[in-house]
Amino acid sequence: MNTNLTDTTSSQINAALVRTRRAAGFPAVGMVLTLVIVTDEGNHYDALRAASDASKEHPSRILVVIRRPGRSPRARARAQLDAEVRMGGETGTGETVLLRLHGELAAHAYSVVLPLLLPDAPVVVWWPEDAPVNPAEDLLGTLAQRRITDAAASEDPVAALEVRAETYAPGDTDLAWTRVTPWRSVLAAALDQKHGPISAAVVEGEAYNPSTELLALWLAARLGVPVDRVVSDGPGITAVRLGTPEGQICLDRPDERLAELAVPGQPDRHVALHRRTTAELIAEELRRLDPDETYQEAVCFGLGRLGPAPPATSGPVGTETGAGAETGAGAGGQTGTEAGAQDRGEARTPPRAARSGKSSAGESGRGKAAGAAGRGRKEAGS
Amino acid sequence: MSGESGVDDANPLRDAQDRRLPRIAGPSGLVIFGVTGDLSRKKLMPAVYDLANRGLLPPGFSLVGFARRDWEHEDFAEVVREAVEEHARTPFRSEVWEQLAQGMRFVPGVFDDDEAFDRLRDTIEALDKERGTGGNFAFYLSVPPKFFPTVVQQLKKHGLSDAPEGSWRRAVVEKPFGHDLKSAQELNQVVYGVFRASQVFRIDHYLGKETVQNILALRFANTMFEPLWNRSYVDHVQITMAEDIGIGGRAGYYDGIGSARDVIQNHLLQLLALTAMEEPSSFDAKALLLEKLKVLRAVRLPEDLGRHTVRGQYTAGWQGGEKVPGYLDEEGIDPRSKTDTFAAIKLEIDNRRWAGVPFYLRTGKRLGRRVTEIAVVFQRAPYSPFNATDTQELGQNALVIRVQPDEGVTIRFGSKVPGTSMEIRDVTMDFAYGESFTESSPEAYERLILDVLLGDSNLFPRHQEVERSWEILDPVEEYWDTHGRPEPYVAGTWGPKAADEMLARDGRSWRRP
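As given, the protein sequences belong to chains G and X, one line each in that order. Each residue of the first sequence is one higher than the one before, starting from 1 at the first, in this note's numbering. Each residue of the second sequence is one higher than the one before, starting from 1001 at the first, in this note's numbering.
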């Protein structure tokens, strides 16, 4: 059931929420949190779909803040709030409100969101891309217990990690970190067995994949040994090798779904390590709302303390088509789920090109790469 | 069990702060006896797959089936695949399946066949080499109780119950754990002749349900319920487990056993223990057992069993729009059978918290609908400033834990009806897992199988509890054996009239769940 409100206010939206709920015959369901998604017209569809899927596990009120500052001076001077209240059907178990903030209002999302938060329930803010430099000090960010960014969706994912480390505040988390959870759990399980002391570690992954960096940082922080990164063709992270006196403990995933675990003195075994959809990542993020100290430890460990960074990752971004393609796959991937994202991969390229101001040749190369890479590429990292 | 492998603490990648990392079982395998049975197909195999899909099984996890079938490994894998596709909770994914299927083995044979057990041992040893299961195996006995002694003895005879140095062997047994105290003790002796107590895991799948675990969270993690949770405020407690189905194809097992032995002895007394026990000093298995056992030991049967227990037997009738036969007309049932398909008993708990608060337990087949719930019914307000007419429609306050289906918690209390007159009526406040967590709520068997592989015995009843439960029920069964017949009740209703009368005598009535 949908209700559209044009040129409205937060209190009218609140009234519409109550009205819609009554009309649909639902009681006030036990919603456990408010999820605020800060996005733009081009990305809100994918982000909302992922959040709705995740809300099956965590019934929530989802507020989608779509900023439309306007291109012309006249549009920028105008301020208008349009809202769409959605309940039931495909929106998952909770309530969804799409908020379109036109003109000057785009810079004052805080005033719109604050009255719409569920009373006494945690708030999570998610920036699918274009996260603020300091999420904890962003006005919307101050409302939240949990602030979710996605380094993979930024222009320079590895540099973004350094920014995250500099501005880290308890409650910050990044989807690039969420993506490595399955890797971390298999590695931890492998070390549950008897093994010799670990002397060194190597993480292999495609370039411009912040998850590779985070996994390496985590290993370095936990193991206290030198950790090197090696660039591979991907997709995502492709291997982790831990050196022990008996030989290498190696977790190798060439094809983004089935990995092979080799431990000295034991037979090789297969482990399913598929790359997860954004909905699954968000669901994992919402499961815990307390500060993630392990993430802090990893991201703040310092990229400089890792082994020599491979040249490709330290080079300037977007100078060649190949590098552009990597960024593109990352950006396209963070909001996409399965085939839907593939369809949109190319459609979304032009506005992004316009915004980032890159050459059209680079962009078309990127679009092709993102499209050709197919389903798997849509989920950067993990 | 972390103590057995002894390397958990040394793992630098594990950290208590790191709550994203799930508990993954160490290298291990699961051997299922009676793998062709219903339980195995509908619950165990899907649960194994769901665990793998959630990334909670170790790499190299192996599943061995043992049954009297002429199957190759591939045939077995195909059977598992069908079961998984039909019954698994999580979506089917080929890479997860590949990981699992590589570790599937089948051993054909009957339980007294020495050769078959030799083959089983060879299979397990081969798995250790090929898959790195490290000698850690759990034996799931999904077999009728009469085969328990044979299988357990065979395991011992062929050296399967003895774990090699540094590894573990565990036995998983399903109910029924005997049919009275004596048989339960015999069974325990048989099993303990081969396995140590800490190696034996008794499955009571109710304890694997989220709602049941939530009883402890509700009581001991909150402040607002526990102060009311005693004889000063609680009038009585009703624990109901109702099924709408008949005995189906279980005539051979069910006749002579009956609903009290089938349900009250294990599930309902466990629910009672969790509802009534004191706060455990911690949540480890030992502390839980201590408190559960303490409250079970305080349980007292009423003096006059004739007045405070009722049993029934369903007769032909209409159940939810379907014509169903009576119990005595079911296939394979002796037409003179005295087996109870409905049982209700009143229990008292002799301790300071509960003295004088009756616990009414009831269960039955072919009742109104399928439901399991615990209702804590509170006393009426000691004084009401409102007229009797104002509060005519006000019942007693109640807190209902809905165990299944539609898991959740309901609180019932009085509220003013909008209008100019003062009229007070019952309303409910609801917390529903169905709206919140169903999508991700694991099946009971997933949780329990994982716990077995991890060696975590919190959610498994120990033999002391099982034996104490029989001690409670045995006098009732003896009384029933020597006094009359079960009361008939029409299928599709809420049991015999005598059950209503039993509560009416105490000035109470059953909730309609």
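If you are wondering where the hints come from, they were derived from the structure by calculation, not from laboratory data. Here the structure is a predicted model, which means the values were calculated and not measured. Be a bit skeptical, because a hint or two may be false.
[Stated by the list, open to error] Derived pair list, reagent style DMTMM-like, types lysine to aspartate or glutamate, alpha-carbon separation capped at 25 Å: (1) X:K1129 - G:E84; (2) G:K194 - X:D1162; (3) G:K194 - X:E1130; (4) G:K194 - G:E246; (5) X:K1146 - X:E1471; (6) G:K56 - X:E1477; (7) X:K1182 - X:D1474; (8) G:K194 - X:D1456; (9) X:K1129 - G:D53; (10) G:K194 - X:D1015; (11) X:K1323 - X:D1430; (12) X:K1157 - X:D1122; (13) G:K194 - X:D1500; (14) G:K56 - X:E1086; (15) X:K1338 - X:E1130; (16) X:K1042 - X:D1456; (17) X:K1129 - G:D120; (18) X:K1338 - X:E1471; (19) X:K1323 - X:E1210; (20) X:K1497 - X:E1291; (21) G:K194 - X:D1018; (22) X:K1338 - X:D1474; (23) G:K56 - X:E1085; (24) X:K1129 - G:D268; (25) X:K1146 - X:D1500; (26) G:K56 - X:D1426; (27) G:K56 - X:E1210; (28) G:K194 - X:E1165.
[Stated by the list, open to error] Residues from chain X that keep clear of chain G, each with C-beta distances beyond 10 Å, as calculated: (29) N1011; (30) D1015; (31) G1055; (32) D1075; (33) E1098; (34) E1125; (35) N1214; (36) I1245.
Each residue gets a CB set at the ideal place from its N, CA and C atoms; glycine is no exception.
Given the hint that K56 of chain G pairs with E1210 of chain X, test it: the Cα-Cα distance must not exceed 25 Å. Judged against 25 Å, a Cα distance of about 17 Å means the pair holds.
Quickly compare the C-alpha distance for K194 of chain G and E1130 of chain X to 25 Å and report which way the hint goes. With Cα atoms ~18 Å apart, K194 of chain G and E1130 of chain X stay inside 25 Å; holds.
What's the verdict on K194 of chain G and D1456 of chain X, does the C-alpha distance respect the 25 Å limit or exceed it? Holds: K194 of chain G and D1456 of chain X sit about 21 Å apart, inside 25 Å.
Verify the proposed pairing of K1042 of chain X with D1456 of chain X, using a straight-line Cα cut of 25 Å. 24 Å, holds
Hint check: K1157 of chain X vs D1122 of chain X, CA-CA at most 25 Å. Holds or violated? With Cα atoms ~14 Å apart, K1157 of chain X and D1122 of chain X stay inside 25 Å; holds.
25 Å limit on alpha-carbon distance, applied to hinted pair K1323 of chain X and D1430 of chain X: Violated: K1323 of chain X and D1430 of chain X sit about 34 Å apart, past 25 Å.
Holds or violated: K194 of chain G to D1500 of chain X, with C-alpha atoms at most 25 Å apart: 62 Å, violated
Restraint check for K1146 of chain X with D1500 of chain X, where alpha carbons must lie at most 25 Å apart: 37 Å, violated
Non-interface claim for I1245 of chain X: all C-beta distances to chain G beyond 10 Å? Nearest chain G Cβ is 29 Å from I1245 of chain X, so the label holds.
Next pair to validate is K1338 of chain X with E1471 of chain X; report whether the Cα-Cα distance is within 25 Å. The hint holds at about 22 Å.
Is the straight-line distance between the alpha-carbon of K56 of chain G and that of E1085 of chain X 25 Å or less? 22 Å, holds
Taking 25 Å as the top limit, are the C-alpha atoms of K1338 of chain X and E1130 of chain X close enough? Given that 25 Å is the threshold and the Cα spacing comes to 54 Å, the pair is violated.
In the structure shown, a violation is registered for the earlier hints numbered 1, 6, 9, 11, 13, 15, 17, 19, 20, 25, 26, 29, 30, 31, 33, in ascending order.
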